[in-house]
Amino acid sequence: MLQGPSDAGNGLYGRRYFLKTGLASGAALFAAHGHAAPQRPEWMRTPGAGMSIAGSPSRFEEHVQRSHIGSQRGTDGSGSSRTPLQHLDGLITPSRLHFERHHSGIPDIDPDRHTLYVHGLVKRPLAFDVDTLARYPMVSRIQFLECSGNSFGLIAPQAAQADCAALHGLISVSEWGGVPLSILLDEAGILPKGKWLVADGADSAVMSRSVPLSKIMDDAIVALYQNGERLRPSNGYPMRLFLPGWEGNACVKWLRSVKVTDGPSMAKDETSKYSDSQMDGSAKLFTFPMDVKSVITQPSPGLDLPAKGEYQVAGLAWSGAGRIRSVDVSVDGGASWAQAMLDDHVLPKCATRFRAAWRWDGAPAVIMSRAVDDTGAVQPTREVLMSNRAPGAFYHMNPIQAWRVDGDGGVSNVYV
Amino acid sequence: MSMSNGPSANQVGLLVALCAFFSPLCLAQSPGLGQQVSAVELQAVDFTIMPDGSGLPPGSGDARRGATVYQMHCLSCHGEQGVGGLNDRLAGGHGSLTSNSPVKTVGSYWPYATTLFDYVRRAMPYTAPGNLNDDDLFAVTAYVLFVNGIVGETTVVDANTLPGIKMPNVDNFVWAVPSD
Numbered sequence: 001m002l003q004g005p006s007d008a009g010n011g012l013y014g015r016r017y018f019l020k021t022g023l024a025s026g027a028a029l030f031a032a033h034g035h036a037a038p039q040r041p042e043w044m045r046t047p048g049a050g051m052s053i054a055g056s057p058s059r060f061e062e063h064v065q066r067s068h069i070g071s072q073r074g075t076d077g078s079g080s081s082r083t084p085l086q087h088l089d090g091l092i093t094p095s096r097l098h099f100e101r102h103h104s105g106i107p108d109i110d111p112d113r114h115t116l117y118v119h120g121l122v123k124r125p126l127a128f129d130v131d132t133l134a135r136y137p138m139v140s141r142i143q144f145l146e147c148s149g150n151s152f153g154l155i156a157p158q159a160a161q162a163d164c165a166a167l168h169g170l171i172s173v174s175e176w177g178g179v180p181l182s183i184l185l186d187e188a189g190i191l192p193k194g195k196w197l198v199a200d201g202a203d204s205a206v207m208s209r210s211v212p213l214s215k216i217m218d219d220a221i222v223a224l225y226q227n228g229e230r231l232r233p234s235n236g237y238p239m240r241l242f243l244p245g246w247e248g249n250a251c252v253k254w255l256r257s258v259k260v261t262d263g264p265s266m267a268k269d270e271t272s273k274y275s276d277s278q279m280d281g282s283a284k285l286f287t288f289p290m291d292v293k294s295v296i297t298q299p300s301p302g303l304d305l306p307a308k309g310e311y312q313v314a315g316l317a318w319s320g321a322g323r324i325r326s327v328d329v330s331v332d333g334g335a336s337w338a339q340a341m342l343d344d345h346v347l348p349k350c351a352t353r354f355r356a357a358w359r360w361d362g363a364p365a366v367i368m369s370r371a372v373d374d375t376g377a378v379q380p381t382r383e384v385l386m387s388n389r390a391p392g393a394f395y396h397m398n399p400i401q402a403w404r405v406d407g408d409g410g411v412s413n414v415y416v
Numbered sequence: 417m418s419m420s421n422g423p424s425a426n427q428v429g430l431l432v433a434l435c436a437f438f439s440p441l442c443l444a445q446s447p448g449l450g451q452q453v454s455a456v457e458l459q460a461v462d463f464t465i466m467p468d469g470s471g472l473p474p475g476s477g478d479a480r481r482g483a484t485v486y487q488m489h490c491l492s493c494h495g496e497q498g499v500g501g502l503n504d505r506l507a508g509g510h511g512s513l514t515s516n517s518p519v520k521t522v523g524s525y526w527p528y529a530t531t532l533f534d535y536v537r538r539a540m541p542y543t544a545p546g547n548l549n550d551d552d553l554f555a556v557t558a559y560v561l562f563v564n565g566i567v568g569e570t571t572v573v574d575a576n577t578l579p580g581i582k583m584p585n586v587d588n589f590v591w592a593v594p595s596d
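Chains as they are written, first to last, in the working numbering: chain A, 1 to 416; chain B, 417 to 596.
For the record, the hints were derived by calculation from the structure and aren't laboratory data.
C-beta: ideal position from N, C-alpha, C; glycine also.
One thing to keep in mind: the hints can contain errors.
Partner residues aside, some chain B positions facing chain A, computed with beta carbon under 10 Å [what the hints assert, rightly or not]:
| hint | residue |
| --- | --- |
| 1 | S470 |
| 2 | P473 |
| 3 | S517 |
| 4 | V593 |
Take the sequences, apply the hints, and build the full model.
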């Protein structure tokens, strides 16, 4: 039971309360349930199933799926699917549930016939097959990948009635392992005129983005591994570009060619698509970093509160600029805030799990979260974020997000 | 047979190599396993066309010929003259970017004409990319520019002329990263 005064209005208990009571997380928030002594169920009366070559989730978890799968008309591989954030906890997105955004389907690449070419403004153009790259020194880091179109639904003038996956499910978190691209470029020898790099995929669209070399030499990797196994085909098997903290579209999957150039190629996706239109008709190019952001995953639409009482408020916060410094939570529509408890892993350019406890009194409420990163950047309000955007401009939406809890416990999307 | 107590030169060499490989401080050291690439190989792999036209192949086409290519390969998705198809609208929308309903097309939004050739060569037609020859690519590029009123019906589009075609919206882009 939550005891003593709350940390913010409307029954919210945050980090301060957890530290005071010694609760490391939101565990033990619920009163013990008072059922009769249970019978020994059938699965305790006969030996269970045998071993298998690979595991899969419980059959009772089949509802935890990627959702909102959509593709451009006349296609089935030019669109996206969303991570079911509202059904997940912790940090890592199971690989099978990592969101997808493809431009011409998922190629079925034979790794023995795949080569990465490093060329352009280099002294020695080089080719690397998959087995060769796997012999190189690698790094692995737990980091987020977010489509810059994530949360685009929040540009709608009226709050769209959709669940957390539909609204915010174009972000996932993985342990990405691979070879620093700087090593390969050093081996090839970048010529002084080289300033950018054009990355091409081996999908049928030869998907392409230009990236400044400064980012590439800082922390870009050619990822071979995701969560300990080789990349899934839907995440770029056998190799992808991974740019920590930068928009997903630039992390070219099925990486086939990296060409050092003296400037950007002005590829279709970096000009006509992933550019940010302003009110005056101008547009920003190369808005790569994903800004500080958070979303409450529980409660959220579809996860109704069955009765008044104590609940955990949990969510994810992330920033392409660095670590999450703090997350504030409000359960009174922003009138008061309490700092949330952060899980142990607060990693750079990674999502961080935050938690708070809420004693809901059964009255309608609006719950919100607001993240701050270690550069001091604060997640903006929707009003501020939208103020200079052209109508329909939907990339890089990171506003403070609110859910309304009705008196009957129903949860819905709302603007405050 | 040498009876030296110290490590042999070979052993020292191996140690240095291992340090270079495994030390976190030396992570930028490459084991040097990249294979040389021939110019022919690179030409086949390199799709990049820059705004200055570098990377464009020989060949040429105009909108008159491009109309035929368009009818055969593009019309079913992009509609008559680039409007009203199932997928991205290619033409029109000029002057709409400051309105309440911006219409982004090749003509109203795209900053560089070279991007059109680059993208079509990579990715189009959607169900069979790689099937258009260079003359067809220049021709259909010319056609999409023509239906946007950017070139004439018989303007020859090739590696020399394409980078010089000024797109109407080119001056409305600002870079969010340093330009050099």
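Hints, verified against the model:
no.	hint	in the structure
1	S470	9 Å, holds
2	P473	15 Å, violated
3	S517	7 Å, holds
4	V593	5 Å, holds
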